[in-house]
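**Student:** On the provided structure of chain S, position chain G as indicated by the hints.
Given next are the chains, with one letter for each unit.
Protein chains: 2
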Amino acid sequence: MALIVHKYGGTSMGSTERIGNVAKRVGKWARAGHQMVVVPSAMSGETNRLLALAKELAPARHSDAYGRELDMLASTGEQASSALLAIALQAEGLESVSYAGWQIPIKTTSAYTKARIESIDDTRVRTDLAAGKVVIVTGFQGVDAGGNVTTLGRGGSDTSAVAVAAALKAAECLIYTDVDGVYTTDPRVVAEARRLHTVSFEEMLEMASLGSKVLQIRSVEFAGKYKVPLRVLSSFTPWDIDLAEEARSGTLITFEEDEHMEQAIVSGIAFNRDEAKISVLGVPDTPGIAYQILGGIADANIDVDVIIQNVSKEGKTDFSFTVNRADYARAMDILKERVLPSLGALELTGDPKICKVSIVGIGMRSHVGVASKMFRCLSEEGINIQMISTSEIKTSVVIDEKYMELAVRALHKAFDLEQQAA
Amino acid sequence: MALIVHKYGGTSMGSTERIGNVAKRVGKWARAGHQMVVVPSAMSGETNRLLALAKELAPARHSDAYGRELDMLASTGEQASSALLAIALQAEGLESVSYAGWQIPIKTTSAYTKARIESIDDTRVRTDLAAGKVVIVTGFQGVDAGGNVTTLGRGGSDTSAVAVAAALKAAECLIYTDVDGVYTTDPRVVAEARRLHTVSFEEMLEMASLGSKVLQIRSVEFAGKYKVPLRVLSSFTPWDIDLAEEARSGTLITFEEDEHMEQAIVSGIAFNRDEAKISVLGVPDTPGIAYQILGGIADANIDVDVIIQNVSKEGKTDFSFTVNRADYARAMDILKERVLPSLGALELTGDPKICKVSIVGIGMRSHVGVASKMFRCLSEEGINIQMISTSEIKTSVVIDEKYMELAVRALHKAFDLEQQAA
Chain S
570 MALIVHKYGG
580 TSMGSTERIG
590 NVAKRVGKWA
600 RAGHQMVVVP
610 SAMSGETNRL
620 LALAKELAPA
630 RHSDAYGREL
640 DMLASTGEQA
650 SSALLAIALQ
660 AEGLESVSYA
670 GWQIPIKTTS
680 AYTKARIESI
690 DDTRVRTDLA
700 AGKVVIVTGF
710 QGVDAGGNVT
720 TLGRGGSDTS
730 AVAVAAALKA
740 AECLIYTDVD
750 GVYTTDPRVV
760 AEARRLHTVS
770 FEEMLEMASL
780 GSKVLQIRSV
790 EFAGKYKVPL
800 RVLSSFTPWD
810 IDLAEEARSG
820 TLITFEEDEH
830 MEQAIVSGIA
840 FNRDEAKISV
850 LGVPDTPGIA
860 YQILGGIADA
870 NIDVDVIIQN
880 VSKEGKTDFS
890 FTVNRADYAR
900 AMDILKERVL
910 PSLGALELTG
920 DPKICKVSIV
930 GIGMRSHVGV
940 ASKMFRCLSE
950 EGINIQMIST
960 SEIKTSVVID
970 EKYMELAVRA
980 LHKAFDLEQQ
990 AA
Chain G
570 MALIVHKYGG
580 TSMGSTERIG
590 NVAKRVGKWA
600 RAGHQMVVVP
610 SAMSGETNRL
620 LALAKELAPA
630 RHSDAYGREL
640 DMLASTGEQA
650 SSALLAIALQ
660 AEGLESVSYA
670 GWQIPIKTTS
680 AYTKARIESI
690 DDTRVRTDLA
700 AGKVVIVTGF
710 QGVDAGGNVT
720 TLGRGGSDTS
730 AVAVAAALKA
740 AECLIYTDVD
750 GVYTTDPRVV
760 AEARRLHTVS
770 FEEMLEMASL
780 GSKVLQIRSV
790 EFAGKYKVPL
800 RVLSSFTPWD
810 IDLAEEARSG
820 TLITFEEDEH
830 MEQAIVSGIA
840 FNRDEAKISV
850 LGVPDTPGIA
860 YQILGGIADA
870 NIDVDVIIQN
880 VSKEGKTDFS
890 FTVNRADYAR
900 AMDILKERVL
910 PSLGALELTG
920 DPKICKVSIV
930 GIGMRSHVGV
940 ASKMFRCLSE
950 EGINIQMIST
960 SEIKTSVVID
970 EKYMELAVRA
980 LHKAFDLEQQ
990 AA
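Those protein sequence lines, which keep their order, are chains S and G.
Under the working numbering, the first residue of the first sequence carries the number 570, and numbering increases by one thereafter.
Under the working numbering, the first residue of the second sequence carries the number 570, and numbering increases by one thereafter.
Among the hints, a few may not be true.
Since the list gives no way to pick one copy over another, a pair counts as held whenever it fits inside one copy or between any two copies.
Restricting the straight-line Cα-Cα distance to at most 30 Å, the calculated cross-link-like pairs of lysine-lysine (DSSO-like) are [claimed, not checked]: (1) 624 with 702; (2) 624 with 597; (3) 624 with 593; (4) 738 with 676; (5) 882 with 905; (6) 738 with 885; (7) 683 with 738; (8) 702 with 676; (9) 942 with 971.
Just so you know, the hints here were simulated from the structure itself, not pulled from any lab data.
One chain only, chain S, in its complex shape:
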């Protein structure tokens, strides 16, 4: 039998009834002979409730100033849900023990509210597993070198689970969530979207960063780095379904190149409508220009996504990039007031009503013409492409927001991603 890590999200831990079902499901795996480690999120709503209290007390200042105390506060949610799950497992007749991040310890950087895991000591967990206990490790949190509590940022419980699985060299890390796997695209946009039985780590990374919000991107990076077999599956199947069936369900994220030999060229269509584009036109094409433009944006803590600079004509070039739509107005102001005057650029344009659509597939590495097939498909639908950006396994285009659904549906069909008729 194997060492298995289960991770349950806030919805799965949302009430004592649901926690009881998680205990029954974990119990099924433990009784089948597996060594079980469980990483639960806080009960749904709890983290928001706690942070809302903090906001009432300190509405004015930026949350960074309170980082250490916000982490002390928010980390209590996972500690409570972990203890409750341990109690539920004991009530099911299974020996169980819960550990807060500092007790393992899960050592992290000191970047409060967005710390990164540095190391995990597996001694305590291994001793308990050997003694036949189910071990519960609080997600989302750790402890820094100074003994201060840290949190990993929203969705950090996924990362905790993968990191624990890596430290323990677990056979598989199962992420139980409220979706039943990774789809070729969002089923709300394309009814024919199909669940992928497997998806490569690299594809998952591109899909996660492109807005398929199934898994926190850092958890996927971690899984890739340590080659942790990762499965996304539903926590809403009945807890007593056949274990072998459950173990095959959802989507497995894989790391072995060979497995993908026969995979489709394109695995999925990702999209993101929360973006805005900004172009600085007629910029002198001299060294340091990208830093001059984006430095001020980065200083304002604004994330930049796609960046494009085309070849120059007559010593001038055009520089475009996309930012989160919520940061659009602020980014435009910074450029207008601080950057353009010193830059001698001719023009600043922007559009908050754009979206990004991407095709993702590890097969694109070895197949030519995939991007051009994408462009032809969009052209046939009369959709104008505003920006293009490519990587080894992804091609993204920026288009007018109003064409998003049309583009996603057309591409989904063009690349044969539809569900097979039963």
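**Tutor:** Showing chain G alone in chain S's frame:
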């Protein structure tokens, strides 16, 4: 200026508005130049909410089985309120940091849900105080030698505050609560009850154990052991009242014998109506008889309060004791089924409708006739005394429950405890 410890109860921490007021009050003390350490309880209702969730998950088994996890769970309440108070203080412009029990560390025994403090490391707190920070230490919790979270049992935050004050050799430990001090008796029973400006540690100990629920008894023991000046005062005065006035308010619990030279002989009247009496009559007066009777009661985890055994007549004696009324039926069953058959006792009688009334005063040590004054007073009211028990600074009588208020009022008057006319 001095090193001061403040402790705030759950009601004082009951909402963000109240936490904001606590921050303002602490800020007033800090700005006056004091080094401030604050020990807050969980927000009122939070501990009950958490333990109710645990009970839903494990209704059947005894809570001892879940002790470790119950402590992991319940300790989150104080961690959250401490972090919130740190945020509120920072919002007030004061540097502040909160520490969970394990971070100090506050080392305790491993007796989950009722651990006892063994040691407190003051290094971290002293460093922060020297740097001008307000230090917040979670009440109610600690960590055992194995690195497991423990709690001190209900009301344990008082004990935490006193222990922290002792470790830091604080000038005073102020317990802010929803009463404004220690009274000569319960003002709900005797309208003329008077607030004591000072009360000796020994008197407070007797009053606390006799049911004056102002302070957790263990905290008073701790204060006595380490000679921590302890003040009970109201958290419902406006936060901005004059600091000197606030520092004089409430009741100071003192340890210096000299201070009591001119004190009244009797300081207060305590009472407890939650008791029941049990008598075993005609017991053979042989060694080991008390253990035979009370051993079975103790094994069933039933607390015994007053114990009386009178001189024997013809080799037989009568043995009486009181227990909490909730344990009365169980105690009677144990005696009937397990103890009496092997004891050869003649008769078992009991009465759940009794109460205990006590006069408490350090002056009783040096004054004769105090007890007889009590008995005369009760006799004049026609109240029959069923049991009498005395200690150096206390005389307790067990009487019929229905006479309780009458007895308390009469004694309060007889010992001149009424409020002086203004």
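**Student:** Tell me the hint numbers this structure goes against, listed in increasing order.
**Tutor:** Hint 6 alone not satisfied by this model.
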